[in-house]
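Trainee: Top to bottom, those sequences are chains A and B. To convert a position in the first sequence, counted from 1, into our numbering, add 8. To convert a position in the second sequence, counted from 1, into our numbering, add 8.
Source of the hints: derived by calculation from the structure; they are not laboratory data. Among the clues, some could well be false.
Because identical chains cannot be distinguished in the list, a pair is counted as satisfied if it fits within a single copy or across any two copies.
[Stated by the list, open to error] Subject to a maximum C-alpha distance of 20 Å in a straight line, what follows is the list of computed EDC-like cross-link-like pairs (lysine to aspartate or glutamate):
1) Lys234 x Glu113
2) Lys242 x Asp149
3) Lys100 x Glu423
4) Lys100 x Asp217
5) Lys239 x Asp149
6) Lys429 x Asp217
7) Lys85 x Glu238
8) Lys319 x Asp430
9) Lys234 x Glu114
10) Lys85 x Asp149
11) Lys414 x Asp436
12) Lys312 x Glu287
13) Lys362 x Asp184
There are 2 protein chains.
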Amino acid sequence: MASSHPNNVGILAMDIYFPPTCVNQEALEAHDGVSKGKYTIGLGQDCLAFCTEVEDVISMSLTVVSSLLQKYKIDPKQIGRMEVGSETVIDKSKSIKTFLMQLFEESGNTDIEGVDSTNACYGGTAALFNCVNWVESSSWDGRYGLVICADSAVYAEGPARPTGGAAAIAMLVGPDAPIAFESKFRGSHMSHAYDFYKPNLASEYPVVDGKLSQTCYLMALDSCYKVFCEKYEKLEGKPFSIADSDYFVFHSPYNKLVQKSFGRLYYNDFLRNPRFVDEEASASLEPYKSLSGDESYNSRDLEKANQQAAKKIYDAKVQPGTLLPKQVGNMYTASLYAAFVSVLHNENSSLVGKRVVMFSYGSGLTATMFSLKIQEGQGPFTLSNIVTLIDVAGKLKQRVEFPPEKFVETMKLMEHRYGAKDYVTSSDCSNLLAGTFYLTKVDSMYRRFYARKDTTST
Amino acid sequence: MASSHPNNVGILAMDIYFPPTCVNQEALEAHDGVSKGKYTIGLGQDCLAFCTEVEDVISMSLTVVSSLLQKYKIDPKQIGRMEVGSETVIDKSKSIKTFLMQLFEESGNTDIEGVDSTNACYGGTAALFNCVNWVESSSWDGRYGLVICADSAVYAEGPARPTGGAAAIAMLVGPDAPIAFESKFRGSHMSHAYDFYKPNLASEYPVVDGKLSQTCYLMALDSCYKVFCEKYEKLEGKPFSIADSDYFVFHSPYNKLVQKSFGRLYYNDFLRNPRFVDEEASASLEPYKSLSGDESYNSRDLEKANQQAAKKIYDAKVQPGTLLPKQVGNMYTASLYAAFVSVLHNENSSLVGKRVVMFSYGSGLTATMFSLKIQEGQGPFTLSNIVTLIDVAGKLKQRVEFPPEKFVETMKLMEHRYGAKDYVTSSDCSNLLAGTFYLTKVDSMYRRFYARKDTTST
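With the hints as constraints, model all of the structure from the sequences given.
Mentor: Right under this line is the structure:
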């Protein structure tokens, strides 16, 4: 009595929320007294969004879920599964998902599966895979899935601080989706590494080995691409190369790593078959053909040659996905999907029929390369409607730039607030847009209370 | 081109590990100076397992996974997904799953999906559902899934301390399983509650509102049962009652709550249709027929009447699942599956053809009632082989009972060690069985190092 999988399961609708409060990277360079261009060109970043004391990963998640349900007029009873990917721990036991259940109380719908998935920046991808699998499973009851990726990325003072960011993304999951999974094309690489982790439980800040993390990222990329290509070739009967996908979207801790990563993919293609790259590129990469793996990860000359050789294709296939990660910063679990939203924003309906290859990476480490096929969609779930309702340009326009001093001051306050109890916030939500949830107090039992900024006010 | 679901997806094999170090509840009563029977009858507990300084949730997981792979001679390359359910946070970003990838290094298999799932004691159920869904999804690649539930449950000195425990369970997932999911029969209840949570990030201990948590548990049970019965009736065309399942297995924070819970289910049946219960029971429950929900949760008379009325059926359908939870204590995510292992141990091959209804609860809160159908199984994955290889009796026999003073001393040491860095353990693994992994040191960068007790030594 085996039943069948529904068709084209994937993302029906998306929304993103990032705090309107942000700091400009050029201003931060001047404030930090570092060389001009260190953050803007060295890291490739433009701006960094951050939570003030009235926002956190829970409030951002409440905001983005209520926004998506409202915009698409989804009856809360129609949600059968909801899960969250996050590495921002406010409670070590109670999931963020349970906070979101408050949005469903009025409807009386408590029959909603799913909890939180955790591994650094990869948790959102795990949650998304789980939700897609649920729709394809025999336990699916015909309702929508909802996936939330939410994080506040903050770092101790020092070189990593400008790689912070904050955002929450919501994705509605179901069959006949405009953003459909090609589930057979998928390669993962998982291993034990200490490149970035959060063992200091009392601090919100991670322990980071920047150089190791970059090497881990690139090694995982190589490994995932290898498995991805093998599976593709086995199923399609022909080899996969960069030419077989229209877009490549990367998890983006900072834009420079995305540039390096695409260069690295290009180098992979060159090594697999020089005919995959053009003659000029082939000639420029020839000197690096026999490098060992280790040598190749450490050669700055190779890195430059890769990026140079891949530049044109990067501009066409990668650059459209860099807007939000450059403007908002690293959003951890939300970064990859914010990059994908940037592709939607930039390319809109021209995406119909196109393939998008995604690379998700979470330190520690877990990584997967997977493939999406874009279709027109139907009803409210069309590409163009998604792009209109997300309104990336509008969201970027309404931001409030903080001077670096005020950003640093906020970080200091948040350090004290992390894991604390028995305080009220200023409840100053003047910077927030109408409809935004915000934290009002944490009581003596650590219980957190949120309010919503009047949706009718401006 | 829709493909079909494989048949009878579920649990192919199981193993459990709990620390051999334990404390007797009767001895603990005397040591704590509480009234005799407070822990043994009041809580219904016999014994409590705990980690000494050489064990933790990672070492227990390493032990149980390597044990399962060895016993069933599973080639590590045959694992395509591995995920962990846990609420014991050693790192807030790096998943326990990534530590387990060390066991796969030698095989070269890094293409293993899955991360950690978190919501209190429910994470293991979430991981198990995810793994089953993966096998039923179009992304399944034909390999096995592996689910690990692992926790160390410790409490601050006081009335909750005797409800601690520790264990790790591994479950191999695939089609044609002896323990198959009836995925359509499932009811969940998820909502926002502060009954038990871990907001004090620097401490391993939870914040617990014992009375609230018990009420939340029972309310969630009622709600799940209601949805479960509705779905069953819709699909089967006849109402569900306790008579329709051979066993009921509950998440067990302490045995007394399991007794209350089954009484509560029985009361539900009585309210739904007095004919679901026998005449005598019906008469004894009659006085409580019109209680409001709140009144019913707070009435001790009703509680007693329920338990009394359900006693005979409890002994037949629930008691077989209480052995390990009573002997090992609350194992958080592993508790429900340790209870199920107890059913396997006690009932063995007589389970063939039987239905087992499971109730999973995680504070915060998330809960699901679901159904398993037991079959003979095939190859190494038969019921009787699973029971033989788990060897519950052998494991219980090889334990080392610590005097309460030594238990308290260990808890004190562990408080200092939680979240600490730069220390070596005593490496005294004399109490551990051969093949057990143990913690040797945590370096100045918080990196954790484990060794394995020689499998040839005794």
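Trainee: Compare the structure with each hint and give your call.
Mentor: These are the hints, each one checked on the structure:
{"no.": "1", "hint": "Lys234 x Glu113", "in the structure": "between (46 Å within a copy, 17 Å between copies)"}
{"no.": "2", "hint": "Lys242 x Asp149", "in the structure": "between (33 Å within a copy, 12 Å between copies)"}
{"no.": "3", "hint": "Lys100 x Glu423", "in the structure": "both (18 Å within a copy, 16 Å between copies)"}
{"no.": "4", "hint": "Lys100 x Asp217", "in the structure": "between (24 Å within a copy, 16 Å between copies)"}
{"no.": "5", "hint": "Lys239 x Asp149", "in the structure": "between (31 Å within a copy, 10 Å between copies)"}
{"no.": "6", "hint": "Lys429 x Asp217", "in the structure": "between (31 Å within a copy, 17 Å between copies)"}
{"no.": "7", "hint": "Lys85 x Glu238", "in the structure": "between (42 Å within a copy, 16 Å between copies)"}
{"no.": "8", "hint": "Lys319 x Asp430", "in the structure": "neither (53 Å within a copy, 46 Å between copies)"}
{"no.": "9", "hint": "Lys234 x Glu114", "in the structure": "between (48 Å within a copy, 19 Å between copies)"}
{"no.": "10", "hint": "Lys85 x Asp149", "in the structure": "within (12 Å within a copy, 33 Å between copies)"}
{"no.": "11", "hint": "Lys414 x Asp436", "in the structure": "within (15 Å within a copy, 52 Å between copies)"}
{"no.": "12", "hint": "Lys312 x Glu287", "in the structure": "within (17 Å within a copy, 84 Å between copies)"}
{"no.": "13", "hint": "Lys362 x Asp184", "in the structure": "within (16 Å within a copy, 38 Å between copies)"}
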